[in-house]
Amino acid sequence: MGRQDIVAEIPRLRRYARALTGDAARADDLVQDTLERALGKWALWRPGNLRAWLFSIMHNLFVNQARRAGAVDYPGDEALPELPMRASQADAIELRDLAGCLARLPAEQREVLLLVGLEDLSYEDTAKILGLPLGTVMSRLSRGRQRLRSLLSGADAAEPHLKAVK
Amino acid sequence: MNQPPISEQELHAYADGRLEAARRAQVEAWLDDRPELRQTVADWRIQNERLHGAFDPVLDEAVPARLMAAGRASPALPLHLAAAVAWLTVGGLLGFLLRDQLSPAPSASASLPRQAALAHAVFSPEVRHPVEVGAAEEAHLVAWLSKRLGAELKPPRLAAQGFDLVGGRLLSGEAGPVAQFMYQDGRGQRLTLYVRHDAQVASETSFRYARENGIGVFYWLDGRLGYALSGEMDKAELLHVATAVYRQLNP
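Protein chains in written order, with the working numbering: chain U, 1 to 166; chain P, 1001 to 1251.
In case anyone wonders, no lab produced these hints; they're calculated from the structure. Ideal Cβ placement from N, Cα and C applies to all residues, glycine included. Some hints here could point you the wrong way.
As the list claims (entries may be wrong) - Per label pair, the in silico range of CB-to-CB distance: (1) Ala1022/P to Gln146/U: 25 to 33 Å; (2) Ala66/U to Leu1059/P: 21 to 29 Å; (3) Ser1172/P to Asp120/U: 32 to 40 Å.
As the list claims (entries may be wrong) - Below, a list of computed lysine to any residue pairs in the SDA-like style, where the Cα atoms sit at most 25 Å apart: (4) Lys128/U to Val1122/P; (5) Lys128/U to Ala107/U; (6) Lys128/U to Gly1223/P; (7) Lys128/U to Ala1013/P.
Construct the complete structure from the given sequences, taking the supplied hints into account.
Structure (structure tokens):
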């Protein structure tokens, strides 16, 4: 395992950070901090599971930043998340709805939901990354999915109304 | 048939496609009698699909140069520290060597080859994204970089020397924007021309040569513009190209 393996993980770190923060610039700042922290530790210790290790570094940085910022800052309804470039117009509406709903989840539920549902990490790896017992991960996953389900059904219901007004 | 009761954890594992086939079949049969729960589990699965649909495009985006640089930094020192140490070392050495020379703009001309070599080292190994704007859009590239630097730029033609323009990018220098043009020959060897427009005092220097970490740099000042041509090749070979660049820019 070499440093080029770290470089190969960058796209996945960016995907997770983008979904976690809902903001492209903030996400890349988080990725950059993660890479610098990882390379700083690299000389001392080589992780067994590189991906899980990088995600755990990012988790710690994210939590520290949120703590420093005081209460976790949820973007308001006006704040539109940055869109990946491939998105078409219909995709853009879909993404705005989804990202807006994600932003309204408590950060601790959002993290679990994304590590499992987007990054396809095992429940055990997710628990290790977040430094939590497996049971806590499962209950956060359950609550997060329930909450996102009701948020999304609200957002989906609102869309035909918007079309009718237009 | 006796089977263990189905936990909520298993319902999540079912939605995430992480159950073994035998258990999956049991959960499926069990959900057949519970349509509401079946819908909930289906919604969880759709959540995963929507997350992938929304954020997978990020995987195909070009990774910003600053992240590539952070990922490739020396393991012992974070990039900014390593760069600072290198600059202090090289700067100290250059300062020592130049201590008796009365150059018209010593600080400007001394930092030029260092910065140019650093930019060359960062971007020339880049395989997928060596430039921000490619040579196919040369008119746009030149207009854009000229506007940002506040000076008429004209990338030299180096086909006679075997090098074609790959494209260019905008960088940040010590005192403002900097343009970098990249060239490549048939063997994939790359040259970069670094142009900055930040000299406080208009001045001219002769044609100079420096070597920074294996990268050769020919550089000169012309009015408020500073030029540096960098390449990982021997001095005579680089001089051949640099002379062509110099002649085209200073006819």
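(message) Can you confirm whether the C-alpha distance between Lys128/U and Ala107/U stays at or below 25 Å?
(response) Holds, because 17 Å separates the two Cα atoms, which is no more than 25 Å.
(message) Next pair to validate is Lys128/U with Ala1013/P; report whether the Cα-Cα distance is within 25 Å.
(response) Holds, at about 18 Å.
(message) Holds or violated: Lys128/U and Gly1223/P, Cα atoms, limit 25 Å.
(response) Roughly 60 Å separates the two Cα atoms, so the pair is violated.
(message) Holds or violated: the 32 to 40 Å window for the beta-carbon distance between Ser1172/P and Asp120/U?
(response) holds (38 Å)
(request) Quickly compare the C-alpha distance for Lys128/U and Val1122/P to 25 Å and report which way the hint goes. (result) With Cα atoms ~35 Å apart, Lys128/U and Val1122/P exceed 25 Å; violated.
(request) Using the Cβ atoms, figure out if Ala1022/P sits within 25 to 33 Å of Gln146/U. (result) Holds: the Cβ-Cβ distance is about 28 Å, inside 25 to 33 Å.
(message) If I claimed the Cβ atoms of Ala66/U and Leu1059/P lie 21 to 29 Å apart, would that claim hold in this structure?
(response) holds (25 Å)
Comparing the model with each earlier hint shows violations of hints 4 and 6; every other hint is respected.
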